[in-house]
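Chains R and S, in that order, are what the protein sequence lines are.
Residue 175 in the working numbering is what sits at position 175 of the first sequence, and the numbering runs on without skipping anything.
Residue 319 in the working numbering is what sits at position 319 of the second sequence, and the numbering runs on without skipping anything.
Derived from the structure by calculation, the hints contain no laboratory data.
Take the hints with a grain of salt, since some may be wrong.
Unchecked claim - Which chain S residues stay away from chain R? Per the calculated CB distances, all over 12 Å, these: (1) 36; (2) 58; (3) 61; (4) 87; (5) 88; (6) 128; (7) 134; (8) 182; (9) 184; (10) 243; (11) 265; (12) 315.
Said to hold, decoys possible - Here are the simulated DSSO-like pairs of lysine-lysine, each with C-alpha atoms no more than 27 Å apart in a straight line: (13) R/318 / R/69; (14) S/318 / R/260; (15) S/260 / S/318; (16) R/134 / S/134; (17) S/134 / S/161; (18) S/298 / R/166; (19) R/161 / S/69; (20) R/161 / S/260; (21) S/260 / S/69.
We put the CB at the ideal spot given by N, CA and C, even for glycine.
There are 2 protein chains.
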Amino acid sequence: MHIHIHNEPRGMDQAIDAATFEAAGISGHHVTFGQNAADFLAQAATLEALVAPPWELRRLDLFAAPKLKLLQSTSAGVDRLQPFDMIPPGVILMNNRGVHGEKAGEYALMAILMLVNLIPRFVTEQRAGHWERKTASLARHQRLTIVGLGSLGGASAAQAKRIGMKVTGIRNSAEPHPDCDHTLTLAGLDGMLPETDILLLACPLTQATQNLLSAGRLALLPRGAGVINIGRGALIDETALFDALDAGALGGAVLDVFHKEPLPPGHRAWGVRNLIITPHMSSDDPLTYNAATLEIFKANLAEFAAGRRPLTEVDRAKAY
Amino acid sequence: MHIHIHNEPRGMDQAIDAATFEAAGISGHHVTFGQNAADFLAQAATLEALVAPPWELRRLDLFAAPKLKLLQSTSAGVDRLQPFDMIPPGVILMNNRGVHGEKAGEYALMAILMLVNLIPRFVTEQRAGHWERKTASLARHQRLTIVGLGSLGGASAAQAKRIGMKVTGIRNSAEPHPDCDHTLTLAGLDGMLPETDILLLACPLTQATQNLLSAGRLALLPRGAGVINIGRGALIDETALFDALDAGALGGAVLDVFHKEPLPPGHRAWGVRNLIITPHMSSDDPLTYNAATLEIFKANLAEFAAGRRPLTEVDRAKAY
Chain R
1 MHIHIHNEPR GMDQAIDAAT FEAAGISGHH VTFGQNAADF LAQAATLEAL
51 VAPPWELRRL DLFAAPKLKL LQSTSAGVDR LQPFDMIPPG VILMNNRGVH
101 GEKAGEYALM AILMLVNLIP RFVTEQRAGH WERKTASLAR HQRLTIVGLG
151 SLGGASAAQA KRIGMKVTGI RNSAEPHPDC DHTLTLAGLD GMLPETDILL
201 LACPLTQATQ NLLSAGRLAL LPRGAGVINI GRGALIDETA LFDALDAGAL
251 GGAVLDVFHK EPLPPGHRAW GVRNLIITPH MSSDDPLTYN AATLEIFKAN
301 LAEFAAGRRP LTEVDRAKAY
Chain S
1 MHIHIHNEPR GMDQAIDAAT FEAAGISGHH VTFGQNAADF LAQAATLEAL
51 VAPPWELRRL DLFAAPKLKL LQSTSAGVDR LQPFDMIPPG VILMNNRGVH
101 GEKAGEYALM AILMLVNLIP RFVTEQRAGH WERKTASLAR HQRLTIVGLG
151 SLGGASAAQA KRIGMKVTGI RNSAEPHPDC DHTLTLAGLD GMLPETDILL
201 LACPLTQATQ NLLSAGRLAL LPRGAGVINI GRGALIDETA LFDALDAGAL
251 GGAVLDVFHK EPLPPGHRAW GVRNLIITPH MSSDDPLTYN AATLEIFKAN
301 LAEFAAGRRP LTEVDRAKAY
């Protein structure tokens with residue numbers, strides 16, 4: 001099979017080079033590398049599988065590759081590709097879900113403990129040069145609600161249980177989860193919010209989850225509650241969240257994702273009270289990211305070669 | 001026995017009132033409550049045991065209480081009382097060590113994860129309205145050195161092991177600790193610093209530990225290392241630490257204690273790069289603090305009544 005690896009040209013992340021690919025042990029294929037549309041077009045006539053970041057796919061004319069069968073995204077979130085009209089019919093889209101779990105769980109544990117310990121508040125007071133002592137109790141006295149129990153949310157639930165929290169999970173079916181005290185479907189979220197101390201968003205962005213944390217739902221959270229977002233920015237009505245933080249209605253927020261990324265200089269978010277901003281790094285471990293993605297790709301190739309559906313195939317109707 | 005409870009008059013912390021005392025189940029005593037020197041003097045002739053915050057003891061004339069035998073500090077750190085000359089000879093000083101462990105361990109876990117995830121750096125960049133994506137790996141790739149393996153340091157070591165870190169403990173004797181990969185005495189610290197990614201100070205302040213993290217020792221840490229202090233401010237040469245942070249020689253610091261507390265407005269600390277400041281709250285759980293202190297006092301009273309040394313008696317020579 002002819003596999004083409006298209007690397008992110010902006011150099012934000014480490015490239016998948018020949019050495020990385022070889023280390024993954026994917027053998028018996030013709031492999032080419034590129035980083036722009038011209039490189040892609042030079043290989044388009046024969047390539048059958050493409051490995052690329054999803055945000056690059058609008059720059060590449062996938063219809064110019066008549067033999068393309070497999071498309072391996074180097075990201076789990078493929079929301080930006082909806083309605084998937086740049087992908088020719090019949091091409092199987094696969095993401096790398098599962099790669100982000102361990103790192104995301106550790107970030108979630110940190111963010112939870114930061115909210116329990118009032119860090120967003122103290123950082124805001126530090127900016128003003130103001131010392132006001134306030135003590136905080138233990139995480140095990142707080143109630144966590146996690147929206148999404150996939151790789152990110154599941155790992156977060158496991159970390160939260162380890163520190164003794166009461167954990168409620170929101171997922172598509174209300175089937176039990178080993179690290180949640182109970183699970184609900186999205187229909188149960190509104191009833192749960194008034195009993196939530198910390199709300200963690202860890203679900204994909206889809207039409208069903210767009211603006212999930214609306215102004216109305218924010219108002220259902222108890223005074224002093226905390227919000228964490230490691231999913232996608234558009235899960236939240238940002239203006240409503242920033243208003244609630246500035247008004248002191250919420251205790252704080254730790255956000256890793258935003259409507260607009262990178263957040264531009266002068267954006268309102270930079271100055272919002274009791275808000276901690278991290279630059280979309282919660283779920284990516286630079287030491288293992290490419291190797292883990294290629295491991296998934298390798299398993300997907302094997303399934304495809306055996307005539308089965310690849311393990312991380314994206315359901316285009318659901319968008320994850 | 002006549003027990004006098006002297007509460008903190010500045011109201012920073014919750015008072016030990018009659019209900020709290022009764023809930024502790026310390027029965028069969030004559031108990032009085034006060035919050036200033038006059039209240040104390042009114043009881044001085046007969047009181048035999050005094051419960052008080054250590055920083056209040058310079059305001060009270062303990063020599064005016066001829067029957068005083070037991071002095072229960074409501075804090076673990078009694079460094080401010082050195083050389084203990086306000087305490088009449090023969091009076092047994094007891095601290096509340098052990099009360100702070102669980103809370104301190106959770107704070108330490110948070111601070112470690114914040115340093116692993118570059119939060120001090122991101123908070124500094126947030127202040128400048130600047131987005132610069134940088135990824136960070138997992139805590140289990142980092143090496144933690146903890147100075148002090150008492151209640152605070154021991155609980156911190158347990159939390160760090162749970163997230164897979166390599167943990168070195170520095171203690172008075174090099175005897176093994178169940179949550180440390182190995183232990184060293186203070187004499188081994190200099191040799192350990194170049195192999196330390198995160199240094200956590202959790203020891204009492206004594207003559208031996210004053211200025212422990214000196215400019216010379218700071219220079220032994222690798223570039224990008226992190227520092228956490230949940231002990232006492234004077235364990236660190238603050239100027240040297242702030243210089244190292246501002247110069248970018250260290251990755252970041254999370255400090256809960258300072259030479260001068262409260263940190264006054266305009267203090268240099270407020271503007272130091274890659275520094276997170278919390279207002280001396282790392283080890284105090286407001287939900288359990290007084291109850292846990294009184295539990296220790298109760299056990300100390302029982303030991304004393306049985307003719308034995310109280311369990312948390314302070315060794316005045318060591319100052320803890």
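Practice prompt. Starting from the hint list further up, note which numbers the structure goes against and sort them upward.
Written response: Numbers 6, 7, 11, 14, 16, 18, 19, 20 and 21 - these are the hints that the structure violates, sorted from lowest upward.
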